[in-house]
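From first to last, the protein sequence lines are chains A and B.
Residue numbering for the first sequence follows the working numbering, beginning at 196 and increasing consecutively.
Residue numbering for the second sequence follows the working numbering, beginning at 196 and increasing consecutively.
If you are wondering where the hints come from, they were derived from the structure by calculation, not from laboratory data.
Just to be clear, a hint being listed does not mean it is correct.
If several chains are the same, the list does not tell them apart, and a pair holds so long as it fits within one copy or across any two.
[As the list claims (entries may be wrong)] Simulated crosslink set (DMTMM-like; lysine to aspartate or glutamate; CA at most 20 Å straight-line):
(1) 211 with 235
(2) 264 with 316
(3) 211 with 362
(4) 367 with 343
(5) 325 with 352
(6) 367 with 352
(7) 367 with 260
(8) 211 with 238
(9) 199 with 323
(10) 211 with 319
(11) 269 with 235
(12) 325 with 259
(13) 199 with 272
(14) 300 with 241
(15) 211 with 316
(16) 300 with 237
(17) 211 with 272
(18) 325 with 275
2 protein chains.
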Amino acid sequence: MSSKASLQRTGDSAFKRMDHVSSELFTLTYGSLVLQLIEDFEDYAEVNNQLERMGNNIGQRLIEEFLAKSRVSKCGDFAETCEVIALVGFRMFLGVTGTVSQSAKEPHVCHITLASNPLLDFVELPDEAKGVLQYSNILVGVLKGALEMVQMRVDVEVVHDPLVGDEATELKLTLLEIINDEPPPDDE
Amino acid sequence: MSSKASLQRTGDSAFKRMDHVSSELFTLTYGSLVLQLIEDFEDYAEVNNQLERMGNNIGQRLIEEFLAKSRVSKCGDFAETCEVIALVGFRMFLGVTGTVSQSAKEPHVCHITLASNPLLDFVELPDEAKGVLQYSNILVGVLKGALEMVQMRVDVEVVHDPLVGDEATELKLTLLEIINDEPPPDDE
Numbered sequence: 196m197s198s199k200a201s202l203q204r205t206g207d208s209a210f211k212r213m214d215h216v217s218s219e220l221f222t223l224t225y226g227s228l229v230l231q232l233i234e235d236f237e238d239y240a241e242v243n244n245q246l247e248r249m250g251n252n253i254g255q256r257l258i259e260e261f262l263a264k265s266r267v268s269k270c271g272d273f274a275e276t277c278e279v280i281a282l283v284g285f286r287m288f289l290g291v292t293g294t295v296s297q298s299a300k301e302p303h304v305c306h307i308t309l310a311s312n313p314l315l316d317f318v319e320l321p322d323e324a325k326g327v328l329q330y331s332n333i334l335v336g337v338l339k340g341a342l343e344m345v346q347m348r349v350d351v352e353v354v355h356d357p358l359v360g361d362e363a364t365e366l367k368l369t370l371l372e373i374i375n376d377e378p379p380p381d382d383e
Numbered sequence: 196m197s198s199k200a201s202l203q204r205t206g207d208s209a210f211k212r213m214d215h216v217s218s219e220l221f222t223l224t225y226g227s228l229v230l231q232l233i234e235d236f237e238d239y240a241e242v243n244n245q246l247e248r249m250g251n252n253i254g255q256r257l258i259e260e261f262l263a264k265s266r267v268s269k270c271g272d273f274a275e276t277c278e279v280i281a282l283v284g285f286r287m288f289l290g291v292t293g294t295v296s297q298s299a300k301e302p303h304v305c306h307i308t309l310a311s312n313p314l315l316d317f318v319e320l321p322d323e324a325k326g327v328l329q330y331s332n333i334l335v336g337v338l339k340g341a342l343e344m345v346q347m348r349v350d351v352e353v354v355h356d357p358l359v360g361d362e363a364t365e366l367k368l369t370l371l372e373i374i375n376d377e378p379p380p381d382d383e
């Protein structure tokens with residue numbers, strides 16, 4: 196298993212190899228998207244679903260970029276997968292790193308905490324949205340979509356959210372199933 | 196008037212001072228937004244309007260960041276404003292630089308060409324959208340919104356678009372009015 200320090204270096208150098216835009220432009224564009232969905236659906240639960248669906252599509256694309264540019268070799272187990280997501284994946288795409296916590300009793304569950312979450316900059320929720328709208332739900336979709344492409348069916352939940360007063364964004368990942376140990380056949 | 200080389204350096208160093216996310220994540224998120232608007236409005240002209248409206252709001256926010264972080268001093272005239280947009284503004288936020296062309300006969304008009312436009316990566320338009328959907332229209336709104344905050348009413352059009360076969364994205368900016376030479380009063 197790669198050490199945290201080495202994964203952090205991998206994340207940093209993969210980030211440098213990417214093209215970038217300003218975090219603020221991204222944040223404001225994402226905010227426009229969420230607002231549009233709220234206007235469209237007038238139902239926060241449905242907005243959560245839509246954000247997850249969009250994230251899923253995005254995750255399926257980002258995993259290719261991740262595999263091409265991260266130079267990460269195959270992950271040994273779920274714990275290592277989560278370290279790679281936190282230290283390399285989040286770093287490459289969102290520019291931030293996460294910290295992973297896991298209990299030895301539950302090897303199929305891990306928590307990733309993002310001390311800084313660019314999605315939330317300048318965001319304040321109206322009271323009626325608090326606890327209902329999962330503003331960061333696109334991340335849930337991205338992780339599920341990306342992991343499914345590497346044969347892991349994973350449940351992801353936002354369990355802590357600064358928009359409702361929590362200290363940091365915390366995601367809970369639960370490995371449900373390893374779909375197939377073989378690489379998928381070439382789709383010619 | 197600052198030289199192009201010096202503005203380019205200003206743009207590069209302002210870009211380095213920004214927080215970043217990957218261009219690909221931004222592009223895919225923007226793509227989700229455009230798709231959502233197409234589903235909502237089923238009318239490309241209305242999608243263009245909505246993108247411009249969103250861009251306008253974003254531009255009003257980005258100009259503050261621009262003034263705070265670019266360290267650009269007051270622009271002398273419209274030509275210099277356009278150079279600053281192309282070499283500093285686009286660089287800071289989208290990570291790319293534009294080139295400006297202007298005719299001495301029309302000092303209130305300038306064209307900015309973006310050889311690379313991150314919004315368009317992985318995008319292909321269906322035939323019925325070509326020439327109708329202005330996929331990059333958020334840029335029109337951003338420029339109008341940002342410039343209005345610094346007392347310039349400007350018309351912006353996407354006049355060339357790689358999605359319909361043009362070589363590069365080209366924006367035409369027309370200065371309509373300088374709203375007020377004085378800085379706006381403090382809004383206490």
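Task: Within, between, both or neither, where residue 325 and residue 259 count as close if Cα-Cα is 20 Å or less - done: neither (34 Å within a copy, 28 Å between copies)
Task: Status of residue 260 relative to residue 367 across identical chains (alpha carbons, at most 20 Å) - done: neither (24 Å within a copy, 34 Å between copies)
Task: Intra- versus inter-copy proximity for residue 316 and residue 264 (alpha-carbon distance at most 20 Å) - done: The answer is between: 17 Å across copies meets 20 Å, while 27 Å in one copy does not.
Task: Copy assignment of residue 300 with residue 237, given that the CA separation must stay at most 20 Å - done: neither (41 Å within a copy, 51 Å between copies)
Open item on the list: At most 20 Å between CA atoms: does that hold for residue 211 and residue 362 within a copy, between copies, both, or neither?
Closed with: Classified as neither; 28 Å inside a copy, 28 Å across copies.
Task: Up to 20 Å CA-CA - residue 235 versus residue 211, copy category - done: neither (37 Å within a copy, 37 Å between copies)
Open item on the list: Checking an output row: residue 367 and residue 343, CA cutoff 20 Å. Within, between, both or neither?
Closed with: within (16 Å within a copy, 44 Å between copies)
TODO: Give the relationship of residue 300 and residue 241 under a CA distance limit of 20 Å: within one copy only, between copies only, both, or neither.
DONE: neither (34 Å within a copy, 54 Å between copies)
TODO: Go through the copies and call it for residue 325 and residue 275: within, between, both or neither, with a Cα cutoff of 20 Å.
DONE: neither (33 Å within a copy, 46 Å between copies)
- [ ] Could you place residue 199 and residue 323 in one of the four classes (within, between, both, neither) given a Cα distance threshold of 20 Å?
- [x] Neither: 40 Å inside a chain and 50 Å across chains, both beyond 20 Å.
Open item on the list: For residue 367 and residue 352, with the copy left unspecified, which applies at a CA distance of at most 20 Å: within, between, both, or neither?
Closed with: within (5 Å within a copy, 45 Å between copies)
TODO: Tell me, please, which holds for residue 211 and residue 238 at an alpha-carbon limit of 20 Å: within, between, both or neither?
DONE: neither (39 Å within a copy, 39 Å between copies)
In terms of the numbered hints stated before, the structure departs from hints 1, 3, 7, 8, 9, 10, 11, 12, 14, 16, 17 and 18, listed from lowest to highest.
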